[in-house]
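These protein sequence lines map, in sequence, to chains A and B. Under our numbering, the first residue of the first sequence is numbered 25, with each subsequent residue one higher. Under our numbering, the first residue of the second sequence is numbered 20, with each subsequent residue one higher.
Heads up, some of the hints might be wrong.
As the list claims (entries may be wrong) - Derived lysine-lysine pairs resembling DSS-like cross-links, with alpha carbons at most 27 angstroms apart: (1) B:Lys115 <-> B:Lys80; (2) A:Lys297 <-> B:Lys115; (3) A:Lys394 <-> B:Lys118; (4) A:Lys337 <-> B:Lys134; (5) B:Lys118 <-> B:Lys64; (6) A:Lys297 <-> B:Lys137; (7) B:Lys134 <-> A:Lys297; (8) B:Lys91 <-> B:Lys57; (9) B:Lys103 <-> A:Lys394; (10) B:Lys115 <-> A:Lys394; (11) A:Lys297 <-> B:Lys124; (12) A:Lys394 <-> B:Lys124; (13) A:Lys297 <-> B:Lys118; (14) B:Lys137 <-> B:Lys124; (15) B:Lys80 <-> A:Lys337; (16) A:Lys297 <-> A:Lys366; (17) B:Lys57 <-> B:Lys115; (18) A:Lys394 <-> B:Lys88.
FYI, nobody ran anything at the bench for these hints, they're computed from the structure.
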Amino acid sequence: MDHDQKNAAKATDAATQAAAALSAQRQQREQQANAAGRAEVLVRDVPVRIFHWTLVVAVSAGLLTGFFGEENLLDIHVLAGQAVAVLVLFRIAWWFVGGRYSRLSAYPLSPRKALDHLGNVIRGRSPLTAGHNPLGAFMIITLIGLLLLISITGVITLGGEENQGPLKAFVPYWLGDAAGEVHEVLAIILLFAIAGHLGGVFMETVVFRHPLLRAMTRGTMPVPEEQAERGRFILRGLFVFGVVLVFFTGFWNVLEATPDTRWRPISNAEIYKANCADCHHAHHPSLRTADMWERIMQGLDDHYGEDASIDEKTARRILAFLQRNDALHFDTEAAVRLGRAKTPDLRISSATWWRLRHEQLPEAIYRTPKVGSKANCDACHLDAETGRFDDVNIRVPEEARQAVSGNS
Amino acid sequence: MKKATLAIALAGSAMLLGGVASGTSTAALAGSPQEMLKRYAEEAKAAGIMPEGGFSAERGKALYLADHKGGKPATPSCTTCHMKDPTQPGRTRTGKLIKPMALSKTPDRYSDPEKVEKWFFRNCRSVLGRECTPLEKGDFITFMISQ
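Excised from the complex, chain A in its bound form (with noise of 0.2 angstroms):
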């Protein structure tokens, strides 16, 4: 018995230590062949690749324009979301349908061994694996999981707030508007976990010595041959990328074309535009409310300083067409923010609102020959005339600019 311990003992003992050494032998022998240059085998597909270098491209745009872009750039901002959600489909598709190491089913998603490597890089080492190691696969799925929600939020956003895209007739303006919300917030998340995935790779590449930016290029690392990846998968990956952006095309321009109660072009506006068009634009109908345009028609007398009076035939006509056009009548920004706000001048450029969104320009600006005044919303709004005041189309005139700043 005593005996047959000691000599299992010394039999697991031996197992260990040649366990050890063949392990220490393989190390250095990976050390070896990495300093050598050990053959490169293909470990990234290359739609994956692609995608990668696009995504960056467009992501870097959408930030961008989002963060830094004038209003007018939203169009420039919207493409770069599109092909953003575009790309994020596509990878979401290629997670299942992919190379070996692109597949979900690949990732060593377990929160244990995520800890294990955390505890690996903190005492230096970090074991080169030809797939994602688990710190990395968490980020990206939190990567791609942000920039869905991101793609989300904005075409809700872009719905509600600027009545365009396939959302435009399903959002009302207040979710689009909190959506917008969202959307910001996680793209400053978003910043930080590009932040952390950046710091990731740094560590791997400069620390660790593992060659990412190599294996995301050229699609090669030093691993063993039987750690290759599968194929390259080019036409694979044509095939799934033009089915998802077929879909998403065809759902978006679906959506975008159906009837849109929340925006409508105006018709009858002939009387209107023949009276109250002479001094300032005429406004939209929607950036009033139907009794404070009662109260503006019955003192044309009065008006601002002037004698605007209108016969009281035509008056009526006027009022019946504003009143069917009103605020309440229209779901856009501009309606449910400047249309619905209550002024006790009446006008328009006092709700808190324009003041707020307009903070940005001199008030000399508006006594220039090009603006003239701030009732000119169509000096500045290309589109004032349809309501919509969409950001694409706003242009402060130059000569008006270069005015203001010449003087002071």
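Starting from the known structure of chain A, fit chain B onto it as the hints suggest.
Relative to chain A, chain B alone:
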């Protein structure tokens, strides 16, 4: 965009053609400055304020250039919005361009009785604080025809 431009171009050419065709007859149509003058002369006579020599461009000019009291403080004169030189374009207080008042520069002026009356009513009340008399209106148009 393209459709709209095309439509405007078509409408524009149609109007040009129509204008050329009817160019000689427009002056004779109802609603000309002369018609307006005739109307104001009748009104002035009826009110017994028509002087011997008829309407006067001089009096019209004086009315146009003078600073008045009694109207709204922001608009003391016709030239607050129209230009002292009536062949020049004016500007509303809200910055919109007003075509020159001189008939030679804006030939379609003083022809639409409703429009003329509407603006005399408004502008006289803004500047003078009262409506203009038929005599003043006639003088004013006479002045503008001479410019």
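Evaluated hints:
no. : hint                  : in the structure
1   : B:Lys115 <-> B:Lys80  : holds (24 angstroms)
2   : A:Lys297 <-> B:Lys115 : holds (14 angstroms)
3   : A:Lys394 <-> B:Lys118 : holds (16 angstroms)
4   : A:Lys337 <-> B:Lys134 : holds (15 angstroms)
5   : B:Lys118 <-> B:Lys64  : violated (31 angstroms)
6   : A:Lys297 <-> B:Lys137 : holds (15 angstroms)
7   : B:Lys134 <-> A:Lys297 : holds (14 angstroms)
8   : B:Lys91 <-> B:Lys57   : violated (30 angstroms)
9   : B:Lys103 <-> A:Lys394 : holds (21 angstroms)
10  : B:Lys115 <-> A:Lys394 : holds (9 angstroms)
11  : A:Lys297 <-> B:Lys124 : holds (24 angstroms)
12  : A:Lys394 <-> B:Lys124 : holds (22 angstroms)
13  : A:Lys297 <-> B:Lys118 : holds (17 angstroms)
14  : B:Lys137 <-> B:Lys124 : holds (21 angstroms)
15  : B:Lys80 <-> A:Lys337  : violated (34 angstroms)
16  : A:Lys297 <-> A:Lys366 : holds (24 angstroms)
17  : B:Lys57 <-> B:Lys115  : violated (31 angstroms)
18  : A:Lys394 <-> B:Lys88  : violated (30 angstroms)
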